[in-house]
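Chemist: Add chain Z to chain C, keeping to what the hints say.
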Amino acid sequence: GQSLEQPSEVTAVEGAIVQINCTYQTSGFYGLSWYQQHDGGAPTFLSYNGLDGLEETGRFSSFLSRSDSYGYLLLQELQMKDSASYFCAVNTGFQKLVFGTGTRLLVSP
Amino acid sequence: NAGVTQTPKFQVLKTGQSMTLQCAQDMNHNSMYWYRQDPGMGLRLIYYSASEGTTDKGEVPNGYNVSRLNKREFSLRLESAAPSQTSVYFCASRTGGGNTEAFFGQGTRLTVV
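Just so you know, the sequences run in chain order C and Z. For my numbering, add 38 to where a residue sits in the first sequence, where the first one is 1. For my numbering, add 83 to where a residue sits in the second sequence, where the first one is 1.
Please keep in mind that the hints were generated in silico from the structure rather than gathered at the bench. Possibly wrong hints are sitting among the right ones.
Just so you have them, the derived chain C footprint on chain Z, three or more residues with Cβ under 8 Å [as the list claims (entries may be wrong)]: (1) 109-120; (2) 124-130; (3) 142-152; (4) 168-180.
We put the beta carbon where it would ideally sit given N, CA and C, even for glycine.
Only chain C is shown next, with the shape it has when bound in the complex:
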């Protein structure tokens, strides 16, 4: 089976930096991606890592280590609007896309 483990909840204050980890065990691996979902909304794509290393997109960065089956999403200069759930996802091959259990981020003033 597939397993993508994330912390269930993370809390932080405005302006801070927060890291959300994802550890995966999958039958195949063709890249790690991250999605954001606000309450009542649909998931939206944030970033993708196909190779080891750091990818930066504005205030968000994502990191991948394939040898450790591990990745993380780094959110900087946190804003209230960043309060949402964050999911990692793995393309396990043949276009099969599986998601982690999700991390709820609560940003306080």
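Modeler: Quick look at chain Z alone, frame taken from chain C:
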């Protein structure tokens, strides 16, 4: 550009009833997906279609069937609804290949009583 459109947005079914959730995308994507989302369980893959003419089981396929009607449309059918199928259902699509950006519909909130 509508993206991914799901219908209906809300539905209440009685146990044993059947229904079909519809999904259509206008982005010429090859791959389409159905997920269910339950509190604390993340997004669980029900079925997916890597390309037109193919469908494959995901992580939780029992109790569901799918049809990839054409490149644009991918429907999910519940033949005999059960309370355990109460959930929010999301359809998604992506181009396939190395690009893993998936685009999601707004979801269908289904309650089975």
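Chemist: Hint by hint, note whether the structure agrees.
Modeler: Do the hints match the structure? See the list:
With 4 residues having a Cβ less than 8 Å from any Cβ of chain C, the stretch 109-120 of chain Z passes the three-residue criterion, so the hint holds. With 5 residues carrying a beta carbon less than 8 Å from a beta carbon of chain C, the stretch 124-130 of chain Z meets the three-residue requirement, and the given coverage holds. With 1 residues having a Cβ less than 8 Å from any Cβ of chain C, the stretch 142-152 of chain Z misses the three-residue criterion, and the hint is violated. Residues of the stretch 168-180 of chain Z with a Cβ under 8 Å from some Cβ of chain C number 4, which satisfies the need for three, so the listed coverage holds.
The earlier numbered hint that this structure contradicts is number 3, and it is the only one.
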